[in-house]
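Here the structure of chain A is known, so what remains is to put chain B in place on it, guided by the hints.
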Amino acid sequence: DTAVSQTPKYLVTQMGNDKSIKCEQNLGHDTMYWYKQDSKKFLKIMFSYNNKELIINETVPNRFSPKSPDKAHLNLHINSLELGDSAVYFCASSSGLAGGLYNEQFFGPGTRLTVL
Amino acid sequence: DQQVKQNSPSLSVQEGRISILNCDYTNSMFDYFLWYKKYPAEGPTFLISISSIKDKNEDGRFTVFLNKSAKHLSLHIVPSQPGDSAVYFCAASVGSSNTGKLIFGQGTTLQVKP
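Those protein sequences? They're chains A and B, same order as listed.
Quick note: my numbering has the first sequence finishing at residue 181, numbered continuously throughout.
Quick note: my numbering has the second sequence finishing at residue 122, numbered continuously throughout.
With the rest of the complex left out, here is chain A:
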């Protein structure tokens, strides 16, 4: 059983389209995250939800909107896709927010988004 799963694994789409990436975790964690890994391989936090409440909202375009229907799911919707959105997007989860052990985040396999 996969602990953190993402769908789809690959996503190829045209500029201007709207797409969604789904994430589910079966670890019973309270906190979920979205990261973006760009072409320079940096992993950067985008959003974080704790018990369905938005905790982290980094400086990302408002075309990106996370949605957490419940604690086990955090989906990422992207509107009006642009070439620069091409990247690998990782979902992650952790058991809490505080430091120490709670920061051990478990990552999904990633979704490679290619915008043509």
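No lab work stands behind these hints, which were simulated from the structure alone.
Heads up, some of the hints might be wrong.
[To be verified] Simulated pairs of lysine to aspartate or glutamate, EDC-like, Cα-Cα distance not exceeding 20 Å:
#, chain 1, residue 1, chain 2, residue 2
1, A, K105, B, E50
2, A, K101, A, D150
3, A, K106, B, E50
4, B, K45, B, D67
5, A, K109, B, D39
6, B, K109, A, D103
7, B, K45, A, D103
[Stated by the list, open to error] Pulled a few chain A residues facing chain B out of the computed Cβ check, cut under 8 Å:
#, residue
8, I120
9, S159
10, G173
11, P174
Heads up, the beta-carbon is just placed ideally off N, CA and C, and yes, glycines get one too.
Showing chain B alone in chain A's frame:
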């Protein structure tokens, strides 16, 4: 403004030898540090961590050293095995922020040659 830096993009070592991966940080508020390992087409997986109240943490073949005055940490892998070949990410957090936010370095690709 990259607060966590891994200045060596790649490292190649012989099987059985020691691998040393380095990481520097600039934010003195960071109090918890983690190393993640990533294979191609997979997500990062947690490897080992260290709190700022310690200067060393060991787990089997993996040891992380923290030098707070130099704002530097390193991961030692002894002995290195071909299966250790992967990208290693250093990450840091401010525990008191209660956000769970991790700041990652850009990764170091380790190749262990048989």
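Cross-check of the supplied hints:
no., hint, verdict
1, A:K105 <-> B:E50, "holds (17 Å)"
2, A:K101 <-> A:D150, "holds (9 Å)"
3, A:K106 <-> B:E50, "holds (14 Å)"
4, B:K45 <-> B:D67, "holds (14 Å)"
5, A:K109 <-> B:D39, "holds (19 Å)"
6, B:K109 <-> A:D103, "holds (18 Å)"
7, B:K45 <-> A:D103, "holds (17 Å)"
8, I120, "holds (5 Å)"
9, S159, "holds (6 Å)"
10, G173, "holds (5 Å)"
11, P174, "holds (5 Å)"
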